[in-house]
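What follows is the residue order along each chain.
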Amino acid sequence: MALINEFSKGIIRENPLFRLVLGCCPSLAITTSVENGLGMGAAFTAVLVASNIVISALRKVIPDSVRIPAYIVIIAAFVTMIDQLMHAFTPELYISLGIFIPLIVVNCIILGRAEAFANKNPVLPSIFDALGMGLGYTLALLLVCTFREVLGAGTFLGVPVLPGKTSAILMILPPGGFITLGCLLGLLNKLQKKPA
Amino acid sequence: MKRPTFAGGIHPPGHKWMTAAAPTVAADVPDRLYIPLSQHIGAPCAALVVVGDQVKKGQVIGRGGGFVSSLIHASVSGTVVGIEVMEHPGGSFVPTVIIENDRREEWAETVRPCSDPSALEPARIREIVQEAGIVGMGGATFPSHVKYAPVEGTQVEAVILNGVECEPYLTADHRIMLERPQRIVAGLSYIMRSVGCARGIIAVEDNKLDAAEALGAAAASLPGVTVTVVPEKYPQGSEKQLIYACTGKEVPPGALPIAVGVLVNNVGTAAAVADAVELGTPLIERYLTVSGDGVARPANYLVRIGTLFGELAAQSGGYLDGVERIVAGGPMMGRTVFTDQVPVVKGTSGIVALTGGQLPKGREYPCVRCAKCIDACPAFLAPTSLAKFARRSAWEEAEMADVMSCIECGSCVYVCPAAIPLIQYIKRGKQAVLAARAAGTATGKG
Amino acid sequence: MQEYFIIVVSAVLINNIVLSQFLGICPFLGVSKKLSASLGMGGAVSFVLVLAGALTWLVQRYLLDPFRVGYLQTLAFILIIASLVQFVEMVLRKFSPPLYKALGIYLPLITTNCAVLGVAIINIQKEYTLGKVLVHSLSHAAGFTLALVLMSGIRERLEDADIPESMQGTPIALVTAALMSMAFLGFSGLI
Amino acid sequence: MNNPEQLLTVAPAPHLHGPDTVPTAMRDVLIALAPALAASLYFFGLQALLVILSCVGGAWISELVCLRVMKKEGTGEWSALVTGLLLAFCLPPALPAWMAALGAVFAVVIAKHLFGGLGHNIFNPALIGRAFLLASFPVAMTSWSTPLDGVSTASPLGIMKEATGAPLPSIGELFLGSVGGSIGETSALALLLGGGYLLYRRHIDWRIPGTMLASVFCLTSLVAAWRGFGPWYPFFHLFSGGLMLGAFFMATDWVTSPVTKLGRVLFGIGCGAMVVLIRLKGGYPEGVAYSILLMNVVTPLLDRYSRGRVFGRGKAHA
Amino acid sequence: MLVAVLCLAGLGGIFGIILGVASKKLAVEVDSRVEELNKVMPGANCGSCGLPGCAAFAEALVEGSVKPTLCAPGGASLYEKIALILGGEASEYQERQVAQLLCQGGVGHSRMLFRYQGIKECQAALAHYKGQKACNFGCVMQGSCSRACPFGAIQMGADGLPVVDYYLCTGCSRCVVECPQQILKLVGVSHLVNVRCVNPEPGKVSKGNCKVACIKCKICEKNCPEDAVHVVASGEGSVAIIDNDKCTNCGICAAKCPTRAIDKIPPLSEEVVLEVAVPPGTSCPNCGACKAA
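Protein sequence lines correspond, in order, to chains A, B, C, D and E. Under the numbering used here, think of the first position of the first sequence as 1, with each following residue one higher. Under the numbering used here, think of the first position of the second sequence as 1, with each following residue one higher. Under the numbering used here, think of the first position of the third sequence as 1, with each following residue one higher. Under the numbering used here, think of the first position of the fourth sequence as 1, with each following residue one higher. Under the numbering used here, think of the first position of the fifth sequence as 1, with each following residue one higher.
Careful: at least some of the hints might be erroneous.
Claimed, not checked - Output of the computed footprint for chain C on chain A, the stretches with three or more beta carbons under 8 Å from beta carbons of chain C:
(1) 20 to 28
(2) 95 to 107
(3) 156 to 165
(4) 177 to 183
Hints listed in this document are in silico derivations from the structure and should not be mistaken for laboratory results. Every residue, glycine too, gets a C-beta built ideally from N, C-alpha and C.
With these hints in hand, go ahead and build the complete structure from the sequences.
This is how it looks when you write it as structure tokens:
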């Protein structure tokens, strides 16, 4: 039960993007197509799970005073691996995500989970926590992506869904990212508006 | 030649035609007079009489303790029938001496004409002014003898008499200037003598050129006195703005006019000074205008202090239908009273009854940043920002933005298309800043 | 000279790091509530960004490239940046406590500010010389500070605005950023 | 206990109020836009009318919906009509009606009501609507047609930018408005009439349009002198594109322009300089909309740093 | 591989040394307990502790210059957390307090002198003849308290008076400070009977101004079985006041009061009344046993 709870909290209750407003940069930059969102989400989840496992396993070994640099090095190592893997196996996605793959290393969520969860909990809950957070983030990305791709390019996963020339290109330009995320956040606030 | 004025300001309709040509009428002296013990800024007076006392016209009935305080005199002879807390045209409740008029009009023994006024020492003139209970009659009610008292390190270089009367509807000063120009000029000469100053300026707005002429003729014999005509603009009669128009000097925020070597008095005050010096009469009556679109017969009156507004309104034929506000003073800066059973005090320059017609009909809108208030502000402030600070209790920011420099002339509210009560917010801000200063702390929480 | 000019204009206006590259969004949203704080944050980021740009370039050029370990780029760079930020933090805390207090939790966040790492990586990708790296880093820092300062000016004004409750805070900041970014579209195609 | 209707009102001074209110001011702006509206209908006919109606309709309906959703009183006080009309004026006459309506909805909802509605928006809503449409539908937004007969053509600024060799219209044509371009922007004459009315009614300050037009004129004169163009060149820039519309109706928007006098001067100069920069160096042939939006961004800072001195402060008391 | 390890080790070493030296040279003492305390603060920044905000309160706690119980909104659960962090004992028992308006003279009850048109701010409205009501001591009905409440516990009612939601009120006293008439008072939640009028004027005057004013008739005094209520001198006159130590909440005075100026509220439910500190280290199940005992 507890494990399921660790898993499910990241999807809605503590959704890293919508509730905690962390990891904004990629959610604005690469969400121009659903495909990008999927790729980013997968890469992100992989790094999060791997780093959570290692950090959780080493939580008693790493001295407290140098834990942050240590976490960063661990995370960076996994990001480098993912970077290499994607370069080798999904070259197109690699190019379209570009600089934002190495930048996973500075995604606040990963370091945040390491600080807030993995260094206090055993390996198994940490895995579930990471999976939940990863999935929550991926879903959030997909939501943003869907809006932007459908409205901005008139397609979903590359398949046309809007009649020709009726898509507002602005939505896949930078302003579209800000608008989509801002309005989604506002909307979710409105939906969940119960006194905190 | 371009007439000297100030930057900013507004041009509200003057409505002065209603009473400008009406010669001043001596108002009926009522059976009962209500004389508040606070008719000046500063600490209120203590009553020197008790219920049942017989008083004579001009007898001192209230004396203040503070430095910025002034005497209160009985304006008729009669019996004190009560000392009660009553509503005051200033928006508060103050102890009031009620005198039953015995219709004998007996003067007190202290009231004696001076045989040779030209031989008086400056200090003696100040004493006479103090004994006569003279305060600024334009509305500010600052005790005049305090104003004339020498201030270390300063020298009055010019005395300005304020005959601008820029408030709409009011014409009482206009009538004094037409009817008693000699008295005004005489008063000016006494004021100049008491402060040891050789230059006098009488400022009149250009909608009262006849008054300017009358004063010019009266002042012809007096060296050093000139009549300056300024353009019709509100708030031309505000002290600092008038000083700027007449001398080109700006009084710094928080400072008194003496900081730039100027002393400003109302023309009515000057006439009262002349009466006090030559005839020995204290300030027990004043000129005022009863006007507004809610009054049947607008007129100018010479009124005993302590007459109720309602009695004057009755002499003017009563109210018309739909009166919403009764204003003590002019409609731009005057205060509304909730009943006409309040007495005329030394600072009451007019009684204006207004129907709803000239008040903003629409609702209040959010500020649309039109900046009309900023353009109109004669103190060069940004009223809309000050109001916003006050709205969210950001007193420190309000103080930084010079909220204390506001002269509360109301120009900003007049022009505001969004009908925001800017001045009330600003007053609230001033109040909070003063409270914080008094508490000796940096401005913080209200 | 022309090249440098193009780098500056491009980095500050056309490809503004926040408004069109989406780097450094966290501090952009977090520290833009007050003008004074945004100036401080802009300064701190600029300082770190330029130093980090130069340092990472040197490391790449004289360490990673000669030893053919380019794949260690991410690791090495983040190490440099993390240390640098910590250093700046210590300096600020010692010499300017008010500024340290104002920037609060955002100082450590410069570590995870993708702007710093992002610009360092772009520097390498574009194969700039050291001089261009400095100019490029500085222009991006200026672009960041510009966006931050403009944003904070707007947000100070929004303090009095009657914003719908659910839009207050981050959502309206994002929408403002969107409209700013639309305005900055006007610069596209410049030069 | 007692009937409140019979009581007097006690209220803070002043007790007089000037004639201007927000609705009357908005109505005056609509009146000022009337000549340009007439010109646009004359030149572009029914096509333009359709775009105008969709914009105004879209703006008006979304304003009402927003006010309802946010539980605010009032009916928008004409301001949505102004937004809709101004947006329509800077769109090409052949734009599909749904696009025009979409732009108006975007303008009113995103740029105005998310920020709190009337008085709180940071950006000029009409210009945001235009920027949105231009970025979203670049082809439709740059398809111009000639006045009166509706043949597709290029705008005067487009001709200049592309240097296709097509003849440039004369200054006279530009002044009257018989050239290709957006619906309401072509006739400088009609816009000047409207702007004059606003100035006369004191709803706008001469500083913004004055400095904006002056800086465009000066900068283009410099360019003309440097490149050896004739004296027609600065006038061409003055009367072409949306400059007049922008200078008198968009840049002067109360809500989004600075409140201080110095701020307005800087704002106008900034707008003018940006217009010239974008027209001559940028990717678009026309830069009025973007220049004003960019200056909108700077407005809060201009307000902050251009506050004048307070009466009696910082001046010699000599 | 070796090269990679060497490179990183080298970099790490260099930076480690620099930082190590710097941390020695540039060290600044900060008490980590302040940050921990900051995390557990209610974050309302209401100022009921008398300090400018929660952060300042946390610092003062560490310095030992204030007591944890100064924080009204935090309640017992906060005192426990503070005790855990600072190692003290949170054993002070305190009854929960809520704000109550000592005036019931709303529209319909009070005589109005005029219609007020102006900003909705009590202090500003007071500048005009002390508010639109004939009574100069009661509520001026402009809602400054409602806006000051950080917990949304005060709403303006239909009669123009503020209504305190005792369940949301934390007793932080923001409204008490804000009220220019000083007629919002904190009362313990067990004190159900209160004189809700402060008008000291003679009964004839106060009755003429307001239907629900204290008219100094002393009926309450005569009927109280516990001798807990008396009409006592106040300002320039007198007003009925209940001695909470003697009052048993019987409500006889409220029932007998001819103007209903004495008001008895229905008892609040347990969750509100229960607000007692618990010893550190134990967790309170809110059963109420300790209170009943």
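Task: Coverage criterion applied to the region 95 to 107 of chain A (partner chain C; beta-carbon cut 8 Å; 3 residues) - done: holds (count 6)
Task: 8 Å C-beta criterion, at least three residues: is the region 20 to 28 of chain A covered by chain C - done: holds (count 6)
Task: Outcome, coverage of the region 156 to 165 of chain A by chain C - at least 3 residues whose beta-carbon is closer than 8 Å to one in that chain - done: violated (count 0)
Open item on the list: Is the listed coverage of the region 177 to 183 of chain A by chain C valid when you require three or more residues with a beta carbon under 8 Å from a beta carbon of that chain?
Closed with: holds (count 6)
When each numbered hint is compared with the structure, a violation occurs for hint 3 only.
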